[in-house]
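Peer 1: Residue numbers (this note's numbering), protein chains in the order written: chain A, 24 to 217; chain B, 105 to 298.
Relax, there's no trap hidden among the hints.
Chain B regions said to be covered by chain A (calculated; three or more residues, Cβ under 8 Å):
| # | segment |
| --- | --- |
| 1 | 105–116 |
| 2 | 120–126 |
One side only, chain A facing chain B, incomplete, derived with CB under 10 Å:
| # | residue |
| --- | --- |
| 3 | Arg28 |
| 4 | Val33 |
| 5 | Val36 |
| 6 | Pro50 |
| 7 | Asp155 |
| 8 | Ala178 |
| 9 | Asp179 |
Hints in this document: simulated from the structure, not taken from any laboratory. Keep in mind it's a predicted model, so treat the numbers as computed, not measured. Using N, Cα and C, we set each Cβ at its ideal position, and we do this for glycine too.
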Amino acid sequence: MSDVRVRKRVVVVEEIFHEGGPVSATPLRRAAALAVIHNPFAGKYEPEIAGFMDDLKPLGLQMAKSLIAALGGDPKIVEGYGKGAIVGQAGELEHGALWHVPGGYGMRELLGSAKAIVASTKKVGGLGTRLDVPITHINASYVRSHFDSMEVGIADAPRADELLLALVMTTGPRIHARVGGLKASEIKGEDGLR
Amino acid sequence: MKATVRKIVTVVEETLTEMGQLVNPPTRRAASAAVIENPLAGRYVADLTELTEIGEELGTLLTERAVAALRIPGSSVESYGKAAAVGEDGELEHAAAILHPKLGTPVRKVLGKGAALIPSSKKRGGPGVALDIPLGHKDAAFVRSHFDGMEIRVNDAPRANEIVVAIAVTDSGRPLARVGGLTKEQIKGEDGLR
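Using the sequences and the hints, build the whole thing.
Peer 2: Next up, the structure:
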């Protein structure tokens, strides 16, 4: 058991009205919740790290809650999600992998029946490193209109002994989505893929 | 709206610890940035009134967004700042036209007060360029604990024919401020300076 020590929290909301085409009646919103925490494994090789995933679960839930609150409070409007981590330079990439379970858990807990795998990415980086968090539809990974991403980062994080953890939710397709493929209206919703 | 807005991005940052010391209550700051079309991109226009008027409406819109994101009344805002980044087909003077003549009055209207100059910065840049918004106490520019800055960037803006306009507000000064000078308790609030 390790304490989860949060230095900083950031919530970002993007509202997208158009991208050169018709202005949408309902702007697409993307929101990211970021937390900068102390990396308890920084500076050494620690073989046993998996227990920290349980410690991170309350943080995952809290971040997912803050995202839904930032999007207006109704989980039903969430259509896409993703997650990511940036590991400070005294840590290893594997420490970023600790976020997979608690990050996904936090969002699924609030989104109910979300079936699709939560798209994710991670890297080691310094202060101000940017991360392109991948986004897919919450119920069917192949929904082409919802393949998206959101760039996140914090100017003063992660320090060498920190982890920057990210969750992202979106409220719809890309603003001018028009390259075909599986539509959200065609989701069968059985396997999380189609 | 006079401005053609492509996107609005709102960020809230909370700092909970610094150098292992608890920041209690956490310091919080918020910025809201609009990505707008630059109606004067690509040509020299002597009269910048169009941009000045856009600045006036963005003063209201962005201040309201940023204050709402902090979930406090406008009167509880302690410091503020503003900035703009002009895309490559615009000129620096376009940023000046938005920021300086008319943007401040609606900002102060939302906050109820604001005797101090609103600190500002501007630059020309490409998509993703970082804006460092200078921050100062809204009623007394010399309050040393509130000299600060907040970085904001929008990864896909400004495009060549766009301008990013940002307003930042806080409910606090720097975390662990301890370099002396005028404190907020000592504000006289007559001249906007002390």
